[in-house]
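Chains as they are written, first to last, in the UniProt record's numbering: chain A, 1 to 492; chain B, 1 to 492; chain C, 1 to 492; chain D, 1 to 492.
To be clear, the hints were calculated from the coordinates, so they are not data collected in a lab.
Just so you know, same-sequence chains aren't split out, so a pair can sit in one copy or run between any two.
Taking lysine to aspartate or glutamate pairs in the DMTMM-like style, the calculated list, with each CA pair at most 20 Å apart, reads:
1) K40 x E106
2) K162 x D240
3) K239 x E439
4) K319 x D240
5) K313 x D159
6) K162 x D314
7) K44 x E106
8) K239 x E161
9) K162 x D307
10) K10 x E82
11) K44 x E15
There are 4 protein chains.
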Amino acid sequence: MPLTGQDVGKHNSRESCWVIVHGKAYDVTEFLPEHPGGPKIILKYAGKDATEEFDPIHPPDTLDKYLDKSKHLGPVDMSTVEKEERVESPEERERQEHIARMPILEQCYNLMDFEAVARKVMKKTAWAYYSSGADDEITMRENHSAFHKIWFRPRILVDVEKVDFSTTMLGTKVDIPFYVTATALGKLGNPEGEVVLTRAAKKHNVIQMIPTLASCSFDEIVDAAEGDQVQWLQLYVNKDREITKKIVQHAERRGCKGLFITVDAPQLGRREKDMRSKFTDVGSNVQAGSEVDKSQGAARAISSFIDPALSWKDIPWFKSITKMPIILKGVQRVEDVLLAVEAGVHGVVLSNHGGRQLDFARSGIEVLAEVMPVLRERGWDKRIEIYIDGGVRRATDIIKALCLGAKGVGIGRPFLFAMSAYGQPGVDRAMQLLKDEMEMNMRLIGCSSVDQLNPTLVDTRGLSMHTATVPVDTLGQTAYEPLVNPKEKAKL
Amino acid sequence: MPLTGQDVGKHNSRESCWVIVHGKAYDVTEFLPEHPGGPKIILKYAGKDATEEFDPIHPPDTLDKYLDKSKHLGPVDMSTVEKEERVESPEERERQEHIARMPILEQCYNLMDFEAVARKVMKKTAWAYYSSGADDEITMRENHSAFHKIWFRPRILVDVEKVDFSTTMLGTKVDIPFYVTATALGKLGNPEGEVVLTRAAKKHNVIQMIPTLASCSFDEIVDAAEGDQVQWLQLYVNKDREITKKIVQHAERRGCKGLFITVDAPQLGRREKDMRSKFTDVGSNVQAGSEVDKSQGAARAISSFIDPALSWKDIPWFKSITKMPIILKGVQRVEDVLLAVEAGVHGVVLSNHGGRQLDFARSGIEVLAEVMPVLRERGWDKRIEIYIDGGVRRATDIIKALCLGAKGVGIGRPFLFAMSAYGQPGVDRAMQLLKDEMEMNMRLIGCSSVDQLNPTLVDTRGLSMHTATVPVDTLGQTAYEPLVNPKEKAKL
Amino acid sequence: MPLTGQDVGKHNSRESCWVIVHGKAYDVTEFLPEHPGGPKIILKYAGKDATEEFDPIHPPDTLDKYLDKSKHLGPVDMSTVEKEERVESPEERERQEHIARMPILEQCYNLMDFEAVARKVMKKTAWAYYSSGADDEITMRENHSAFHKIWFRPRILVDVEKVDFSTTMLGTKVDIPFYVTATALGKLGNPEGEVVLTRAAKKHNVIQMIPTLASCSFDEIVDAAEGDQVQWLQLYVNKDREITKKIVQHAERRGCKGLFITVDAPQLGRREKDMRSKFTDVGSNVQAGSEVDKSQGAARAISSFIDPALSWKDIPWFKSITKMPIILKGVQRVEDVLLAVEAGVHGVVLSNHGGRQLDFARSGIEVLAEVMPVLRERGWDKRIEIYIDGGVRRATDIIKALCLGAKGVGIGRPFLFAMSAYGQPGVDRAMQLLKDEMEMNMRLIGCSSVDQLNPTLVDTRGLSMHTATVPVDTLGQTAYEPLVNPKEKAKL
Amino acid sequence: MPLTGQDVGKHNSRESCWVIVHGKAYDVTEFLPEHPGGPKIILKYAGKDATEEFDPIHPPDTLDKYLDKSKHLGPVDMSTVEKEERVESPEERERQEHIARMPILEQCYNLMDFEAVARKVMKKTAWAYYSSGADDEITMRENHSAFHKIWFRPRILVDVEKVDFSTTMLGTKVDIPFYVTATALGKLGNPEGEVVLTRAAKKHNVIQMIPTLASCSFDEIVDAAEGDQVQWLQLYVNKDREITKKIVQHAERRGCKGLFITVDAPQLGRREKDMRSKFTDVGSNVQAGSEVDKSQGAARAISSFIDPALSWKDIPWFKSITKMPIILKGVQRVEDVLLAVEAGVHGVVLSNHGGRQLDFARSGIEVLAEVMPVLRERGWDKRIEIYIDGGVRRATDIIKALCLGAKGVGIGRPFLFAMSAYGQPGVDRAMQLLKDEMEMNMRLIGCSSVDQLNPTLVDTRGLSMHTATVPVDTLGQTAYEPLVNPKEKAKL
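Working from the sequences, and respecting the hints, build out all of it.
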C-alpha cells in the first residue's frame, strides 16, 4: 500500500525529514548535512513534494546513486498529496503575459534575439543561472565585444559561387566550425534538458560536448544521439579520482571522441546575479532568524566536489586511463599553451568559462591572437588544435577566430536561450541562422573554403586595447551619484 | 471589351493566379515559382490590383521583358474593381500626423536633418529598405564615425576670397567633388523614382550613377538627363553574361561615360532591419501554417540573378565589350587596389556598399589612408582614380577624403532621404547645403582650390583605432541584463 | 514738433520704410538692400519701434556712422506710438518662471554652473548665438574635453604656504594667467553689454580684449576702463583697409596695448543652432511666399565686411601702421607658428574660435603640445608669446596650458554666461572662483609660482588620441534608428 | 543649581553667545571669531542645544582642550530646555522611508552594494561629505576605473587547494593585504564613530589607520583596540610643530606601529558636492543679508590648521621625534618615490587622497605601474614598502596591485558606507566579502600565496590610456545643450 501525503507530511522537520520526488518518498534526514546545496533548501520541502525544484538540478539517477536504498520509502498515492496553492506573484504574472505575447520563431534573425526573448519568458532563477557572470560581468561582456575590435580586410573578385564551410575537429568532419559547448542544468530552460541540444546537433552535423553537470544523466544524452553522431565529454575532475576514472572510462566505452578537462574552475565562481535571484521573496528569509543562509546560488551548490588541487602532474594519469584525445578547456595564456604542447595533449580551448569565473580574464579571441604567432614561430601550430569559446554570436565571429588560427569555436549560452524560449525548433533555427550567415559572409570575405581563411583577412590592431571598449561598469555607475548643477529654489 | 474586376477576382489561387497592374490583367500562374521574391508575395494579390506593391520594386518595362505576351490579358475596367478598404493602422495614422507636421524645407540645415525627417514620414518598409545595414550595422555606422577620427590642420592667412571647388572625374568637369552614387528602388521614396535625382544632378552639375536595380527603367533615367549631362552605369553582373553584355553596350550607346562594376556583392546582404519590417502585421503570418516564409526582405528578393562567380578573370572580357572606363566598386584592401591597377582598370571605389554587405568591413576613408601611401610609393597614384563612398554627410568629410588622395566621393542615402521627404526641392537643397559648407570649409582650411588639398592638412593618427569609437552594439546591449544593486523590500 | 506713431506707421513697406530707434525715426528705404543682415529683418519693423531688436546687434553709434544724416527724421512722440501687445509664448512663460526660481549666486561653484543657469534664463536667440558652434559642434566640445586627456604628475613636500600665480602678458602684470577674450554682441546677454566685463576685469586685474563686433561702441568700452587698466583690441580686418587703419590707430591712441588680428575667420561660420533659433515661430515664415529667407543667424549678418583675402603679405602693413604688439589669433598648426615668428609678430593665440568656425579643427591645447617642442628645439620659444583659448573652465585647465608652455589663456563664453545670468556680480564671482581654484591647485601640484610650472608635471600621453573621447555625434545619433529585437505580439 | 534653558536662551547673539553640548553650557562668545568653521554655524545654535550638530565634527575632548575652563558654565537642567519641533522635510521623509525598506544585510554581495544602500539612507550632508571629490570628480572616479584597464593572465593547473592570502605590513602579520585607511568624521555615518572600524579590523585581523580628523578622540580609538591589535597613525602636520610632536609621541607611547604623514593635502580640497549640500534650505541663506557666507563645506571647516609649508626638510625632524616607521601618504610620481627612498622613510602610499584633492591626479595603481620598474632597475624595491589606496572595491583590485608590486592596499570609503548603512555587522560583512572574493580569485589566477603574485599575471597595456576610459564629465554634459534636428510644427 502506497504512502499517503499525510504520512509524509508528518516528517517535516530537521529531526525527521521526508520528501516526495516523482511520486516516491525518501527519508533524507541523515543526508541533510551532506547536501551540497545546504540543508535549508531541502527543509523548505520537508514533508512535501519537491519534484519541481529537484528536477533541473539533479540528473534522474541522483537518488539511486547517492541515497542508500534503505532511505527509499516507496511510492506515494499522489492523489492524497495536497496541492500547494501558489499565489501567483506579480512577477510571475508578468512572465506569463510575456509568454502569451512571444514573438514567433521566424522573427528571430540572430542569436541575440533568442536571448532577448528568453530573458522575458524564463523563470527568474533560471535566467539568473544561465545569464550571470563573475563579479562585475566585465569579462562576460568583453567576450563578445572583443570580436568587435577585429575588422575585415575582404578580398574581391574571387569565385565564391560554391562555398564550403565544413571542417574537421579532432578528426571528425562537421558541417560548420562550431560545436555545442558544455553548459550545466539544461532542465532549467527546458523540461527535456540537454537531449534537445543532442537532437539539434545531429540535425546540423555538429559535435555536442556533454557537461558533467547536466540535468540529464550522461547515458540519457548519449542515448539521444543517433547513428554516428559524435559527442565529447566535458569533465570536472572529482577530488575522488576513482569517480573521475569511472566517468572517463564509461564515456570512452559509450563512444565519446574527446575528453575536455576543465582547468579554469578549481572552484565554481561567485555570480552575483545568480546569488541575488534567490532573494525574490525576502520576507521568508527575514524570519530565518539566527540561521545564516549559506547558499550562494545554484553554481556553488552543485560544484563542491571539484578538486582545486588538480595540476599539471595529473595529466599523465589521464593519458593512462583513456585513449580519447585530451583537451584542456580554459587555458588563458600563451605560457600555458606551450606547457600543454609539452604535456602532449591534443588540444586546448582558450576560454574564460563564459566570463563566469575570473572577472577581467581576457577573451579567448584575444588570447588566440597572442598564442598563434608564438606557436607558428616555434613550428608547433600543427602539433595541437586550438579552440576558443565565449561571446560567439555571429558567423563573422567564427570567421574571425578561424582567420586567426582557431580550429573551431564553442557556442553555449545562445543555444540554451534558444532552447529555453522555443525548444528544439529554436535551437534548430539558431544553428540554421549561423549557417546562413556563414555562407553569406564567407562569400563577402572572398573565401570559398575554411582553409582559405588567414590572418591577412583581418585587422586586429585594436584587439589589445582593453581600455577602449571596456564594457560599462554597471554597478559602479548606479552606485555613483553624479555631480549636479545648482538647484532651483523650491516652488512656492 | 475590357475585363472586369469580377473576372480577375476568380483567379485568386495558386492554381490560377491573375493580377492587375496599371489597369491591365496578367496571368502569372506559371510564373509564380520563378518569381525572385517568392510566390507568396504575389499570391497576396491574386485576383486583385497589385499596382501599388508592384511599382517601387519593378521598373515599368518588367512585365514586357519577363512575362510572355500570351499572359498579358489586356485592360481591366477599373471601375469594376472593388477598392480595398484599408483599415488604417495606428502606425500609419501616426505617420500621417508626422507628414502633416513636417518641418519646412528651410529648416533642414544639413544632410542628417533630411534623414531625421524621412524616418518619420516614410513608409516603414521603405525606410527599412533604405536605412538598413548588415548584421549589427556596425560598419554602416562606422562609415560616418570614421570621418570623426580625422581632424584638420588648417592653414591661415591664405587668400581665399575666390574659392573654386570644381574638379574632374573620369575626365568630366563637375562643380563639386561628389557624385550621386547608385541606390536601388527609388520609387520606395518617391513615386517618380530615380529621375528626380537626375534632374537635381543636372542642376548642380554633378554626375549621377545609374543603378542596375532602379525602380525607373534605365532608359527613363537616361531620357531624363539634359544636354551634355553625364551619367555612369552601376552594374551587377548577371550569371548570364549575354544579358550583361546587352546592358553594358546599351548604356554605352546611350552615352554613359563610366562603367562601375560592383565587386563587393556576390550575394546581396542580410539586412535584419529590412527583414524584420515585413512582420508588422504578424497575425497573417501565423496562419501561414506549414508554408515557411522564405522571403528575406526586399534586398534578397531583387538580386538573385547576381553572379557570385565573378572574378578577376572576367575583367579582360569587360574591356573587350566596351570602351567606357571601367571602375571596380567595392574594393576593400590595398592588395586588391594593386591588382586593379595591374588589371588595367581606370578606377576603384573604396566602399563597403554603405555597410549593407559585410559587417566589420572597414570604412572607405580608412582603406583610402592605407591605399594612397602604397600607391605613391610605387608611383602608381596617377595610373588610377580612387573614389570612396559611405558615410559622407558633411563638406568636411569630402575635404578629408580629398586631402587623403581621393578624386571624389559618392553620396547615396542622404539624397534618397531628401527626396523621400521633400521631393526634388529636397535633393536640390541637400546639394546646395553641401556647396555652402564646401565654400565655407575650403576657406577655413585655407585652400582656394581642390588641388591644394593635401595630407598635411589632416591629422589621421586616430584613424586606425577601431576600438575607440566602435559604434554601440545595440542588439547586444538591449539583450544584456545589467547587474543591479540590492532591491528594497516591497512596500507594505 | 515731433513725429507721431501714426506718421511713422504709414511707412511700413519696402517702398517706404521708416523705423523708430531710441525715440527717433529713420528712413531706411534706400538702405534696405545694403543691410548686412538682409532687408527682411528690418521690414518686420517697418513703421514700428525697432529699438529692442536693434540694440544688442548694433553699437549705439551705428546709425550715425552708416546712415546719411538726411535720413535721420528726428524725434518721435513715443506716447503716440502704439505699444505692441505681445502674446507671451509658452516658451517665454517658462523662461520667466526659470528667472523667478534662479539659484542664488553663491550656489554657483564653478564656471559650468553659470552656463547651466544661463541656458534656462536667457532668451532663446541670445543663448543660441552664444552657445552655438560649427557644424556638429564637435570641435566646440572637444575644446574642453581635450583638457581631460591631460593628467597631473604633482610634486609633494614643497613649501606652498605662499602661492603667487600672477604673471605678465605682453609686458602687463596680471593677477592670474587668463584674459577676457573677445566675444561679440554682449548686449544679447546683458543690457549694458561689454562694459560689464571691463569693470570685472579691472576688479580682478586681468586684461580685457575688446571685440570688433561688440554691442557697445569701442569708445564706450575704453571709457569704462579705470586707471591704468589694460585693454587689447581684437580685429576683424575689413575689405576696406582704410577703415581698418582708422580702427587700429584709434585704438592705439586710446591706449590699447595689443592688436589681436583674427586669422581663423575669412568668413564667419555656419552655426546651425544659431540658424535654427530663428524658426521659433515658423508660421510667419511659411507666409513668406516666394521670397526666400537668406538670413543665416546673427553671426553671418554682422560679418559680411570681413576680408577673406587677408594673407601673410598684409603683416608688414600692419607693422607699419601701429606700434602695438601684433598677435595672430586663430593659428592652428606648427607650420604657421613658425611663419609667425619669421613674420616678426609678437605672439599667437592657438585657437579655433571657440569651435565656431571649422569643425574638426583641433583644440588649442593639443596644438600647443605640438608647437612647443618644435619651438624649443629651434630655440625660438622666447621669441614669441603663445596663448591658447577654447574650453578653459577650470584652474586646472589653466595650469595644464602653462605647464605645456602657454603664457596665458583666453576665456570667453563662461564670462558671457555669468554676465547673462547674474550681471557683473556673476562675472566677479566667476573670476573669484578661478582664483580660489588656482590657489588650491597650485598648492596641490606643488608649485608656488607660475614659473615653476613645467612639462614634467603633466602626463599628455592621451592627448593625441582623438578617437577616444570624440564627443558624441548628436545629430547622427538622433537620426539613426537603432536595431531592435523582435517585437511581442500586440496585446489583444 | 543647574542652569535652565531660559538662562541659556538669553545669550543668543554675537554679543553673548552660549550653547549647550551634552547637557552642559558653554560661553563661546570670545571663541566665535576663532572657530575654524566660521562663527555663523555656531550662531545658528546661540542660546540652544547644539549637541547633534557638534558631535560628528568634534571629538569629545574638544571643548576641554580648546575652550578655557572659565567658559565652562556647568550643567543645564535639560528638562527646562525647549525641544525644537522640527518640521520634517520631504527629503527627510523620503529618507526615513528608504530606511524602513532597507535591504537586509545578506543582500549586499560586494562593496558597491553598501554604497548604493548608504546613499539612500544617510543624511544628505553626511553622504555629501563622504562621497564627494575634487572639482569634476574625475580623479575620484578614475581611481576605480583604472583597475578596469588591467586584465589577468591567469595560470592553470596549479594546486590551489589551500590558499593563503595573509601577508605582512611594516612587520605586522595580517590576514589579507588591505588595511583600513584613515577617513575623517566617522560619526557622520554612525553615532559610535571610528571605534566601529576598530572592532571590525580586530575581527578580521587587519590594521586600522587612525585619522587625525576622527570624530572619536585618538585615545577612544586606541582604547577600543583589543589584545595585540595593531594600529597606525595618520597625521596632518600642524603649523605648530609642538602640537604635532605631542600627537606623534603620544601615539607612539600608546603603541601605534606606523606614522603615515599625509603629503598630498597642504590644504584640504574644494569638494563641490560637499559645498553644495549646505544649501538645502536656501531660504535662510537669502536672509543672511550683507554677511557673506564663507563656509565651504565640512572639509574646509576642519582643516585650517594644516601646514602648507611642510617640505622634505621636515623629514629628518620627524625621524628625530619618533621611532615609528615613517610612511609618506599621497606620493604621486616616481621622482618623489626616489626622493622618499633617499630620505630614508620606510614606505610610501601612492594615493591621490581618494580623488578629494587635485582633480586629474592619476590613480595610485597607475603610478604604481610607473614606479616599480624604476625601483627594480635601481635595485631599490626592497628598501621601501609601497602601498596604494583609492578605488579598491574588489579582491581582484587587490590582486592587481600586488601583482604590480604593492605590499598592500588601503580601503576607506567602502567601510564607511557599510558602517553607515548597517553598523559593525556591515563592516564585518564587507571585510568577509573581500576575503571570500580573495580566496576565489587567488585560486582562479592560479596562486596559492601572495608571494606568487607577479607582473606576468597581468596585462597592463591599457593602463596609461587616460583618454579611453575617462569618466564622463557630468557637469559639462548637463550644461551642454545638444544640437537638435528640425522641430515639427506645433499641433494645431
